[in-house]
Each structure stands twice: as C-alpha cells, then as structure tokens.
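A.B. asks: Letter by letter, the chains look like this.
Number of protein chains: 2
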Amino acid sequence: MRHTVVFTLRHEEGSAEAEAFLAALRSLAAIDGVQELEVVREVSPKNDYRLGVAMEFTDHAAYDAYSAHPDHVAFVRERWDADVADFLEIDFVAL
Amino acid sequence: MRHTVVFTLRHEEGSAEAEAFLAALRSLAAIDGVQELEVVREVSPKNDYRLGVAMEFTDHAAYDAYSAHPDHVAFVRERWDADVADFLEIDFVAL
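If you read the sequences in order, they're chains A and B. Straight run, no breaks: the first sequence in this note's numbering ends on number 95. Straight run, no breaks: the second sequence in this note's numbering ends on number 195.
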C-alpha cells in the first residue's frame, strides 16, 4: 500500500519553522513498517497543495500499526495539527 | 516528475464501460516519455476518489509533450471527459 499526503504548511517556505517541520516529518521513516518515505514538492497548478509525503507499507495492517504508533500520534498532535493548513490523504493499492 | 491523477468513474466497477475506460487509460503508456504507468485503486476513507493513475516523466518538458500528444488529447476528449465524474491532479518533483 502506498500512503500519500499532499499538504500546505502555515509557514513560509525555507523558514526555520518549515524546515523543523520537514525534519520531523522525515523522522517518521524510523517507525516500524515505514518504507521508502519521501518528502516531495507538489507542482501541479491544478491544486493548492504545495508539498507531499509518500511512503510504502507491506499491507494495510502495517499502515494501521504505524498510524497508531506513539511516535506518529505525537507527531500529528505536536506538529501536523499545528503546522499544516490543509491536506488530503490518498492511499493506493494494486487494482 | 511523478504525475498522479485520482479519479472516480461514472460507471459501476467491473462494468464493460469501466473496463474499456481502464484499458484505454493503460494504453497511454505507449505515448513517448511515459514511464512506469500504473492504474491503482484508491482506498483512503478520507477522500471520495476510487481510482488512480500514476506515471513518471524525466522532466516537466516530457510531461508537457505527453499532455499535448494527439493520442493523449484524443483520450481526454473521447474518454476522460465522458467517463470521469471527478478527479484531482497531483504532480511531485524532488524537494
């Protein structure tokens, strides 16, 4: 399963706050089950999101374990909810 | 650049119309510059899109050439606009 979130920060690009957020986001790669985490720039003029994060899980159970992991829960509470202005989650599996 | 479109069809899953659309969508892989095209299922309960298509381009110019290619233009006119109820385009590049 490929878990993707497109989002826009409340902070200016390149600001200390934005860089601290991105560093915290990248640190989620250390959580069990997270594979190939990448933080990317969103460039389509057809939506308003400016950044993205994508990661792979072997299956939906691995994603659920990540989602419930204390380090992820703390990240959402302390960083995501404070720093992200808008977002959309997209999850892909084989058709 | 990774070009992704999440979408929902006007047709029932598994219908002849849906299968014909997906076959036409997969045939876009034959257009110059399209790499690693995959059609996938969207499973997040947090959005209303039910399918996705993703592909890689070496750069934005390659994407623009694909977008303007007659086979792509014909697909959008004859298939996409008729068969897709809702969609969102997302384009990722390295940060």
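Just to be clear, a hint being listed does not mean it is correct.
[As the list claims (entries may be wrong)] Example chain B residues on the side facing chain A (calculated, C-beta under 7 Å, incomplete):
(1) L137
(2) N147
(3) V184
(4) A185
[Said to hold, decoys possible] Where chain A lies over chain B, by a calculated footprint (3+ residues, C-beta under 8 Å):
(5) 138-146
(6) 149-159
In short, the hints are calculated from the structure, not lab data. Cβ atoms here follow ideal geometry from the backbone N, Cα and C, with glycine treated the same way.
A.B. asks: Run every hint past the structure and note whether it holds.
C.D. replies: Tested hints:
At a threshold of 7 Å, the smallest CB-CB gap from L137/B to chain A is about 12 Å, leaving the interface hint violated. For N147/B, the interface hint holds, the least distance from its beta-carbon to any beta-carbon of chain A being 6 Å, beneath 7 Å. Interface restraint check: V184/B against chain A, minimum CB-CB distance 14 Å, threshold 7 Å, status violated. At a threshold of 7 Å, the smallest CB-CB gap from A185/B to chain A is about 17 Å, leaving the interface hint violated.
As drawn, the region 138-146 of chain B meets chain A at 7 residues by the rule of a beta-carbon pair under 8 Å; at three or more, the given contact holds. Proximity of the region 149-159 of chain B to chain A, defined as three or more residues with a beta carbon under 8 Å from a beta carbon of that chain, is established by the 4 residues found.
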